[in-house]
Amino acid sequence: MDAQLYETEHIQKLITSGKKLILAGDEAVLKKLPRGNWIAGTIPYFMDKDGGKFSKEMIYATVLPDYIYEYNIVVYNQEQLQNVYKDAYTNGFSVIILPGSSDIHYSFSLNSPKYPNFAVRPLVGWVAGTDLDEVGMKEPKVFDGVDPMGFEDSAVVMHVGLPPSKVVDIDIVNIFEPGDGDELRFPVDGFFAKDVIVNGERKNFAEYIRENNIDTKLPLVADTYGTMVNTSFQRVEEHRVFFYAPVFADTTYRIAKPFNDYVQEFEQMTPDGLGEKTFFSCNCILNYLYAELEGKQTIGFTGPVTFGEVAYQLLNQTMVYLTIDEN
423 MDAQLYETEH IQKLITSGKK LILAGDEAVL KKLPRGNWIA GTIPYFMDKD
473 GGKFSKEMIY ATVLPDYIYE YNIVVYNQEQ LQNVYKDAYT NGFSVIILPG
523 SSDIHYSFSL NSPKYPNFAV RPLVGWVAGT DLDEVGMKEP KVFDGVDPMG
573 FEDSAVVMHV GLPPSKVVDI DIVNIFEPGD GDELRFPVDG FFAKDVIVNG
623 ERKNFAEYIR ENNIDTKLPL VADTYGTMVN TSFQRVEEHR VFFYAPVFAD
673 TTYRIAKPFN DYVQEFEQMT PDGLGEKTFF SCNCILNYLY AELEGKQTIG
723 FTGPVTFGEV AYQLLNQTMV YLTIDEN
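Heads up: the sequence shown is residues 423 to 749, going by my numbering.
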């Protein structure tokens, strides 16, 4: 598939030629683009064919193949977003971009499993972010190809219809699995926790982390019907712990099992031979940082490095990819 980093001038030509695009780049370059059939989110970190890269000048583009003629770009507010699965094409997929640390980001993270028709149709995407040096000073934004100012608290979605001869699959590469430590549960859903229930005993979670020398580069992992779902640590304060995705009260977690080589683990977990079938992929900013991926390749997968990944629901510290194959 046609997906890589381009100079802004090349993206402008693709847009004016009528191409349908999913874009990622710095806010300043995205605002220079002409109106057209595209959606975008802000981020200056990428996995390119030569490895991890930081750029505020280039734009990563996923170009929809010419055989895709049915599509619909929708801007959703918080209330409307529950319709994202209902609005999808019967045979196709949807790509969502959410602005990081926004109310709609938090709402989607907590509520998407309860949306009507959840996971009935493929939904993939990512959470827009900023230069890490600008976190808290500059808001992530998403764009719908029409409004040049973008949106700070709406989601943009491109619903894509496929010909009957095509079939889609979404998968993740998650190098983490639950360790053999304590069983952890939380009293309430949320992006932060004061207390944790450790093997049935209630404790302050921040104190538990300090007393047990927990490595917070390792996420919490829940085995959800055979799928490992990560919740990554954002920061530990004196009495509270903050996460990049919510914990859920009805879920059992364990700290992830440690390993020696981040990149080697990715290589071993990544399926061979996907090649041209891979239409879209994205990788987590925490993987980029902790594995020191700048300049390193990850098995040929390219795409934005994001503040969260979506494969039906919000994920952390994973690589998400979507393939299109013959039916």
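Be aware that a few hints might be false.
[Claimed, not checked] The list that follows gives simulated cross-link-like pairs (lysine-lysine, PhoX-like), each with its CA atoms no further than 20 Å apart: (1) Lys-441 to Lys-454; (2) Lys-478 to Lys-718; (3) Lys-454 to Lys-560; (4) Lys-453 to Lys-435; (5) Lys-639 to Lys-679; (6) Lys-478 to Lys-454; (7) Lys-639 to Lys-471; (8) Lys-475 to Lys-679; (9) Lys-478 to Lys-560; (10) Lys-625 to Lys-471; (11) Lys-435 to Lys-588; (12) Lys-471 to Lys-454; (13) Lys-560 to Lys-536; (14) Lys-536 to Lys-508; (15) Lys-616 to Lys-453; (16) Lys-471 to Lys-453.
In short, the hints are calculated from the structure, not lab data.
Each hint tested on the structure:
| no. | hint | verdict |
| --- | --- | --- |
| 1 | Lys-441 to Lys-454 | holds, 17 Å |
| 2 | Lys-478 to Lys-718 | holds, 19 Å |
| 3 | Lys-454 to Lys-560 | holds, 18 Å |
| 4 | Lys-453 to Lys-435 | holds, 15 Å |
| 5 | Lys-639 to Lys-679 | holds, 11 Å |
| 6 | Lys-478 to Lys-454 | holds, 13 Å |
| 7 | Lys-639 to Lys-471 | violated, 26 Å |
| 8 | Lys-475 to Lys-679 | violated, 28 Å |
| 9 | Lys-478 to Lys-560 | holds, 14 Å |
| 10 | Lys-625 to Lys-471 | violated, 46 Å |
| 11 | Lys-435 to Lys-588 | violated, 28 Å |
| 12 | Lys-471 to Lys-454 | violated, 25 Å |
| 13 | Lys-560 to Lys-536 | violated, 31 Å |
| 14 | Lys-536 to Lys-508 | holds, 13 Å |
| 15 | Lys-616 to Lys-453 | violated, 40 Å |
| 16 | Lys-471 to Lys-453 | violated, 25 Å |
Violation of the numbered hints given earlier is confined to hints 7, 8, 10, 11, 12, 13, 15 and 16; the remaining hints are satisfied by the structure.
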